[in-house]
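Peer 1: Listed below, chain by chain, are the residues.
6 protein chains.
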Amino acid sequence: MISESIKKIIKYALAEDIGTGDITTQATINPRKKGRAIAVAKEDFVVAGVAVFAETFKCLDKNTKVNILIDDGRRAKKGDVIARVSGNLSNILQAERVALNLFQRMCGIASHTSRYVKAVRGTEVKILDTRKTVPGLRILDKMAVRIGGGRNHRIGLYDGILIKDNHIEAAGSITDAVKAQRKNPFMKIEVETKNIKEVKEALKCDVDVIMLDNMSIPTMKKAVDLVNGRTLLEASGNVSLENVADIAAIGVDYISVGELTHSVRCADISLKINA
Amino acid sequence: MISESIKKIIKYALAEDIGTGDITTQATINPRKKGRAIAVAKEDFVVAGVAVFAETFKCLDKNTKVNILIDDGRRAKKGDVIARVSGNLSNILQAERVALNLFQRMCGIASHTSRYVKAVRGTEVKILDTRKTVPGLRILDKMAVRIGGGRNHRIGLYDGILIKDNHIEAAGSITDAVKAQRKNPFMKIEVETKNIKEVKEALKCDVDVIMLDNMSIPTMKKAVDLVNGRTLLEASGNVSLENVADIAAIGVDYISVGELTHSVRCADISLKINA
Amino acid sequence: MISESIKKIIKYALAEDIGTGDITTQATINPRKKGRAIAVAKEDFVVAGVAVFAETFKCLDKNTKVNILIDDGRRAKKGDVIARVSGNLSNILQAERVALNLFQRMCGIASHTSRYVKAVRGTEVKILDTRKTVPGLRILDKMAVRIGGGRNHRIGLYDGILIKDNHIEAAGSITDAVKAQRKNPFMKIEVETKNIKEVKEALKCDVDVIMLDNMSIPTMKKAVDLVNGRTLLEASGNVSLENVADIAAIGVDYISVGELTHSVRCADISLKINA
Amino acid sequence: MISESIKKIIKYALAEDIGTGDITTQATINPRKKGRAIAVAKEDFVVAGVAVFAETFKCLDKNTKVNILIDDGRRAKKGDVIARVSGNLSNILQAERVALNLFQRMCGIASHTSRYVKAVRGTEVKILDTRKTVPGLRILDKMAVRIGGGRNHRIGLYDGILIKDNHIEAAGSITDAVKAQRKNPFMKIEVETKNIKEVKEALKCDVDVIMLDNMSIPTMKKAVDLVNGRTLLEASGNVSLENVADIAAIGVDYISVGELTHSVRCADISLKINA
Amino acid sequence: MISESIKKIIKYALAEDIGTGDITTQATINPRKKGRAIAVAKEDFVVAGVAVFAETFKCLDKNTKVNILIDDGRRAKKGDVIARVSGNLSNILQAERVALNLFQRMCGIASHTSRYVKAVRGTEVKILDTRKTVPGLRILDKMAVRIGGGRNHRIGLYDGILIKDNHIEAAGSITDAVKAQRKNPFMKIEVETKNIKEVKEALKCDVDVIMLDNMSIPTMKKAVDLVNGRTLLEASGNVSLENVADIAAIGVDYISVGELTHSVRCADISLKINA
Amino acid sequence: MISESIKKIIKYALAEDIGTGDITTQATINPRKKGRAIAVAKEDFVVAGVAVFAETFKCLDKNTKVNILIDDGRRAKKGDVIARVSGNLSNILQAERVALNLFQRMCGIASHTSRYVKAVRGTEVKILDTRKTVPGLRILDKMAVRIGGGRNHRIGLYDGILIKDNHIEAAGSITDAVKAQRKNPFMKIEVETKNIKEVKEALKCDVDVIMLDNMSIPTMKKAVDLVNGRTLLEASGNVSLENVADIAAIGVDYISVGELTHSVRCADISLKINA
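Going down the list, the protein sequences come from chains A, B, C, D, E and F.
Under this note's numbering, read the first sequence as residues 1 to 275, first letter to last.
Under this note's numbering, read the second sequence as residues 1 to 275, first letter to last.
Under this note's numbering, read the third sequence as residues 1 to 275, first letter to last.
Under this note's numbering, read the fourth sequence as residues 1 to 275, first letter to last.
Under this note's numbering, read the fifth sequence as residues 1 to 275, first letter to last.
Under this note's numbering, read the sixth sequence as residues 1 to 275, first letter to last.
Just so you know, these hints were derived from the structure itself, not from any lab.
Careful: at least some of the hints might be erroneous.
A pair counts as met if it fits within one copy or between any two copies, since identical chains are not told apart.
Straight-line Cα separation of at most 30 Å, BS3-like style, residue types lysine-lysine; simulated pairs [as the list claims (entries may be wrong)]: (1) 179 <-> 197; (2) 164 <-> 183; (3) 42 <-> 164; (4) 42 <-> 78; (5) 8 <-> 197; (6) 34 <-> 11; (7) 62 <-> 272; (8) 7 <-> 77; (9) 78 <-> 65; (10) 118 <-> 197; (11) 222 <-> 118; (12) 62 <-> 222; (13) 42 <-> 65; (14) 204 <-> 77; (15) 33 <-> 222; (16) 272 <-> 126; (17) 272 <-> 58; (18) 77 <-> 197; (19) 272 <-> 164; (20) 194 <-> 164; (21) 58 <-> 118; (22) 58 <-> 34; (23) 33 <-> 197; (24) 77 <-> 65; (25) 62 <-> 197; (26) 183 <-> 194; (27) 222 <-> 200; (28) 272 <-> 34.
Start from the sequences, fold in the hints, and give me the full structure.
Peer 2: Structure (C-alpha cells):
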C-alpha cells in the first residue's frame, strides 16, 4: 500500500508538471477517449517502484487500471513489458512524464545498489545508503535501495545517533560525546572515527557501531583486527564498484555508499501509448 | 532573490531531514555555541545555486551569515573556497546535508550542461533541457541548466505546446492537430516528427518549431536541407557528449538533452566546519 | 473531469463558509434526512461551470447525486431547471451557498463574454480576457471565458511574454527589450505600444503580437494599415459593448476586455430545495 | 495589522499569477534595479483595503516601502494619488496586478456599500451584507462592506443562527425550529419569514431578529406595524438602489443587500510606475 | 458524518505517530495479513467519539470495517465491547494508538461532563465548557462536552462576544464597552463582572448574559436576587464537583467549568487484537 | 530556538481560537493601544515551555516583547511572576488563551513527571513517557517530560523497534520476530513480555531491552533476578505514584508511565494584564 507521504510526493509532482493544464492535450484529445499504454524496458535493470508508477496514474484519475507484470526486486530485460496501463487517454498522457521520472529513478537506484550487493556477495557485508538523497524524495530513494538489496542507514537526523567530528570536538572527546548520548535510552550509538587512536577510544566507550571514515584499506584492516568483533564496523568514504570487494574482504560489517542515491543514472524505460 | 516556491522546497527538505530533531547534535552541542564553515570544491566544476545554498542555512536560522566567494556561472577549481558560513553551530550542522544535497546537484547539472555547450561552441546551436527532471525540484534543475549556459524548453505541460505522436494520432493528422492548437493565440507550436514525410507536413502547417525525434544524422541532415531556414528545428533523442558536435554541425537550431537533468552526477563539495 | 486545483478551491470555499459547523442545520435537521433540490434559472444566461457546481456538493458528501440538464455553453432561459441534486439534506443545505456563489459567477462571466463575442460576429476578431481576475479563482474565471466563446490571453506572468512600457524603458528600447526575450526559444512575444512610432519599431523587431494600448480608433486604424497583416494585432483598453464592434471593424485580430472578469454581474440562479 | 489569514490569501494570489516566474521581467529588468510607483484614482470612489494593497508588495519583498496617502473609508477623487510604492522594480512589477485586483475590488465594494448607506441616511436603518461573496475572499469582502459604512451579517454558517424555510419544514414549524436552537445559549436567533402568518409565529417564539424575505413593501409595512418594536426586523431580497430608501422608510431595522458583494464593479485605479 | 476538519486532525495525528513508517510492523507482519480487534472498556464511562475512532482506521485504510456496538452518549460498563474492527492487520496496528488517544480523551471529557450534569440534576442549570481546550483538538473537545450533556460556550474569539475586564478598562466603563459592541447586530453580548456594582451596571446596559466571575456563593446569591430573571447569569471560576450543586442551587442559568477540557483524565479503553 | 514544527502548532492553535477575528476586542480596544502582562503562578509547579509561551505572542505579532523570569526546569512558587509580556494590547489579548493552554499543559506534564522522578530518587531508574500523548502535541508533551526529568521512549512508530504480542504472534515466536528486525542495523530492539517464559526467550535472542508488561511485582522481581544485568529492563503498565518506588526498588532500569501525558492536570497560571 502507498502511504499518504508518498501520495503527497506524487500529487506535488503532478501539480508541478501539469500546472494550469496540459494545453496540447486539451486541444487535441477528446476528453472521453480511452487509451492503453505499456512500460517497456529499453535496457536491463532491477525493477523498483511499481506501486509508485501505478499510483501516479491513479492519483490523477482513480479509474485508471495498472497491471504490473514484473514486480519490485526482479530483473527486467531489454524489451520486457513491465506494466500495462489503461484508462482515459488524456489522463494517461498527463501522468506519463511524472510516472516515468519517479519510476526510472527508483529502478536506477535499485540497479546500482544491486551491483554493489553483487560485488560483495560471499561475504557477510551489508551495503548501506546515506542521507545524500534528492531533497523531497528520500523515502523513495531509500525504498529503492532496499529493493536493490541494500540496507538503510538512518532516515534522517531524528532516528539514529551518529557522532561526527564536530560533535566530538564540541563535547571535548569521543568519551564525553558518547556519555552525552547515553541519555537517549533506546537508540544505538555510532561514532565516526578518522584513525586508529579514535577507533580505540570509541571501542572503550562501548558504542554500537564504529564508522571508519575515509580510511585506507590497510588502516581499516588494522581497525578490524583491533576491534575483533567486539562491536560493528562501517566503512565509509570513497567507496566505488572498483574497491568495494576489497573493502568487504577486510571484514567490516557495513559499507555505506553515497553514490547509490546522490548520483543516479535513471533506468531507460519507455511508455508506449496505444502500442 | 529566492522565490517563495524555492523557500518551500528548502523548508520541505529541512523537515524531511531533521524530522523531530537532530538527536545527536541536541545531546552534544551547546545550543548557544557559534561556529563557522567553508564550502570547498573537491573537484573542478561550474558553480550553480549559491543563493539556494545560502538560503538553506538562513531558512533554519535567519541569523546565519553566508558569504559567497564564487558566484553562479563561474568555475570553481579543486580546493577553492566557494562560500563561508557563520552562526549558531547546531543550526549549521543541521542544515549542512540539505544545503549540500541541493547545491551539489545544481552544480552537477550546470557543469554537465556547460560540457554540452562547449561541445557545440562555434555553432549557433542552443542546448535545451527537457521535462526529465527530479520530481519536486524542476525549478532548481532548470535554473541550473540556464546557469550552465543552456536554455529551458517548456517548464511543464502548461506553458508550451508540443504536439507528439499520440496527439497527432488522436487528431487524425499533424495538420488537424496543429489546427486544433491554433485556438491558443499566444503560444508557439512545436511538432514532434519521426521522419521526413512528417517534417514536410509540419512545414506545410507553418508550425514554429519542428522536433526531429530520434532520427539518424543523415535523416536530420535531409530535414535541415528541406526546411532551409523556414522554421526552427530541434534535434532530440539519443544525444550524447560524443555525438552532439556532429548533430550541431548539421545546422539544427536546438538540441535537447534529457541526460542534463535525469542522470545527474553531483559535484563534489565538502563543508568543513570550524576549519 | 475536475482537476485537483479546482477541488482545492472548492474545499477552501466550503471551509470558509462552514467553519466549525452549520449551527442552524445541526440543531434542526435530522442528520440522516434525505433531500432533493433543483437549480433554476431566474433570468436568461449562458450556463458555465456545471462540473464545479456538481463537485461542490460531492466534495462535501461524495454520495450526493447531481444530474446536469443544461450543459456548459448552452443558454438557460428564465425558469429552466439546470440541474437536479439529491442526497443527504444537511449536506445539500451546507454546500448550497458555495455551489451557487461559484456557479453564478461563472455563468455571469460566460454570459458577458458571449455578449462581446456576439457583438463582433461576422468578423475574424477573437475576444480575449486579461489577468484582471478575482484572486484565487483565475482558472475558473478563464474557463468561463472560454465557455462563453472567448479566448484566454496568458494565464499568468509565467506562460506568456508581454513587454510593457516599464520593460521597454528598463531595456532602453523596444528593440533591446525584444532582443532580451529571444533567449526564451518557445514563447511568442507580444509588445505593448502606445503610438504609431512604437508600432513601427515593434514591427521591425518581428514580434508575434503587437498590443495597441489605449489608442483611439483612428490611430488603431493607422496601425492596422501600417502592419498590413505582417503580424497579429491586439486592441486593448477602454473596450465596451458600445465600441467593440467599431474596434473589430478596423481589422485587428484580438480585442482584450478586462471587464469580462474584473466586474462580474452574477447570473441569477436559485436553488429550490425539496421543490 | 494584517492577519495570517489575509497574508495567506495574498500569498496564494501571488503564486497564482507569478507561477514559475515572470518571464518578461526576468529577461528585461536588472534584478537589482530600483523603482517607484503611484496608485492613482481614475474615478471617484471610497478607498478600502490600503493595508491589503501595501501587504501585497511587502509579501513579495519585505523591503518594499508603501506610503498610504488616503486612508480606508475616505473618498478618493479622480486624479488623486492614493499610495506611493518604492523598492525593487522587478518585485513591484510582479506584485502590481495582484495588488490592484484585490484593492480595486475592495474599493468597489466599499463604494457601492456607501451608496446604499447614503440612500438610507436620516433613518436608523443599517445596511447589511450577505454570504454571497466571492469564494476565498469573504473576509476581504466583508471588511470592505464595513469600511463602506455597512454592517456584517454572519460571516459563515458557524457564527450565526438563521432559520430558513428548509429548517422550518424539517423541524415541523417555526416554533419547533426555534426550540431546537435554544440549546445554543449564546447566539441570537433569526428566522426567515415569507408572510405575515409566519411573522406572527416567529414573534410568538420570541426570536431576536425576523427576516422579511422577498416581501412586497405593503406586506413589510404590515409586519412592522404588527411587530411594533418587539423584535428586530431585517428586509431581504430584491433590494436595489432604487427601492432601498422606500424600504428604509417602512421602519425595518436592517436591510441586507446581496449585490454589495456578489456583483462587484471594481474601482478604476492605475499603478503608474516610475511616474 | 465526519467533517473535513476532523479528517485533517486525524491525518495529522497519524502522520505524527507513523512518520516514515512503523518499522516494527513492517519487519514482522505480512502486509497482506488480515486481523480483527475489539475495543473494550476497562472501567465504566460515557462513550463519546465513536465516529472519530472509526474514521482513524478508515483514514489509514478505507477498506477497514468498524462496527460500533455502543453509541455516543451511552454508558459503557467495565468489560463491554464498544466496537469491532476488522481489516488489514498492519493498518489496524498502525492506527491503534492514535485511535485510542483520540477516543479515550473524548470519552474522558464526556464522562467528566456527565458527572457535573448529574450533580446539578433537578435544577434548570446548564453546564458549559470554556476555551481551555487542548490546542488543535477544540472541535473534538467541545463535541465530547455536548455528548456528555453539557452545552458549548463560544467556540473561539470569533463567534461570541465576551466583554472582560481588559475590554471594560480600555473602553472606559461597562456601558461604553457594551455600546461599542452594539455594532454587531446578530451576536448576543456577555459581560464579565467581578462584584455587585458591576452586575448593576451590566444590568442597566441590557446585556444578554452576565458572567459572575470568581464570586463567593453569597455574592452570587445577591446577584441572582438583584437580577431577578431580567437577564441570564453564568457562574464561572473555581467550580468543582464539590461545590457545583451549591452554585446551581443559587439560581444561576449557566455554570462554566474549565476543568472539563483542560485537565482531562482519559477513559481506560483497550484494543484487543485478534481476540 | 523554536523549530518550524512547533511554530506550525502555535499558528494552528491561534487560527483555531481567533478564526475570523476577536470580535470583542476589535470593538472595544484601540488597535494601536499598548499593554503589559505578567504570567503568575497560582500554585507551585515545575516550569516548562517558556519558549512556547513566548513564541505564541511573537507569532501573532513579532514586535511583542516577552521576558522570561523563571526558566524551564525550575520550580515556580505560588505568586511567582514567571514572565513579563509587553506590546500591542489587542494582540496580547488574542494570544492569551492559546499561550496559556499550551504553557499550562507543559508545566502540568513536567510537574507530574518530576513527582515520579522524585519518587524513584536514590535508584538508577529512569522514568519514561509513552506514545499516549495528545494528538498533534507530541513533540511538546515529550519536551515537557524531559524538562521534568524524565526520558523519552521512542517518539513514534518510526524511530524505535518495540515488538509487541501481535508482532510475536504474526512472526510465530519472539525468536522469529527478533530475527526479522535484525535487518535494521542501527536500531535497538525492545520486546514486550507478559511472563517469565517470554522473558527467557527474549533474553536468549539477545535483545537490547525487555519490557515487563503488566506484571506483578514478584514476577518482575523474578525477571530481574533471571536477567541479572545481561540486558535492560523496562517496567510498564499500572504504574502509579503509589507503587513506583516499589517497582524501582526491584532493580529494573526503566519505568514507563502513560499517565504522564495522557491524563494531564494543567498547572494553574494566570495572565494578569496591565497589572
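Peer 1: Are the hints correct? Go through all of them and say.
Peer 2: Checked hints:
1. 179 <-> 197: So residue 179 and residue 197 pass the 30 Å test inside one copy only (18 Å; across, 34 Å).
2. 164 <-> 183: Cα proximity of residue 164 and residue 183: in one copy and across copies (18 Å, 24 Å).
3. 42 <-> 164: between (42 Å within a copy, 20 Å between copies)
4. 42 <-> 78: Classified as within; 5 Å inside a copy, 37 Å across copies.
5. 8 <-> 197: For residue 8 and residue 197, the Cα distance exceeds 30 Å both inside one copy (47 Å) and across copies (43 Å).
6. 34 <-> 11: both (22 Å within a copy, 29 Å between copies)
7. 62 <-> 272: within (21 Å within a copy, 33 Å between copies)
8. 7 <-> 77: For residue 7 and residue 77, only the intra-copy Cα distance (29 Å) is at most 30 Å; the inter-copy one is 41 Å.
9. 78 <-> 65: within (24 Å within a copy, 43 Å between copies)
10. 118 <-> 197: For residue 118 and residue 197, neither the intra-copy (33 Å) nor the inter-copy (41 Å) Cα distance is at most 30 Å.
11. 222 <-> 118: Answer is within; shortest intra-copy Cα gap is 25 Å, inter-copy 47 Å.
12. 62 <-> 222: Answer is neither; intra-copy 58 Å and inter-copy 45 Å both fail.
13. 42 <-> 65: within (23 Å within a copy, 43 Å between copies)
14. 204 <-> 77: Classified as neither: same-chain Cα gap 50 Å, cross-chain 41 Å, threshold 30 Å.
15. 33 <-> 222: neither (67 Å within a copy, 36 Å between copies)
16. 272 <-> 126: between (37 Å within a copy, 29 Å between copies)
17. 272 <-> 58: within (18 Å within a copy, 35 Å between copies)
18. 77 <-> 197: Neither: 49 Å inside a copy, 33 Å across copies.
19. 272 <-> 164: Answer is between; shortest inter-copy Cα gap is 12 Å, intra-copy 48 Å.
20. 194 <-> 164: within (10 Å within a copy, 39 Å between copies)
21. 58 <-> 118: neither (35 Å within a copy, 41 Å between copies)
22. 58 <-> 34: both (15 Å within a copy, 24 Å between copies)
23. 33 <-> 197: between (70 Å within a copy, 27 Å between copies)
24. 77 <-> 65: within (24 Å within a copy, 41 Å between copies)
25. 62 <-> 197: neither (59 Å within a copy, 39 Å between copies)
26. 183 <-> 194: Answer is both; intra-copy 25 Å and inter-copy 27 Å each pass.
27. 222 <-> 200: within (11 Å within a copy, 38 Å between copies)
28. 272 <-> 34: within (14 Å within a copy, 37 Å between copies)
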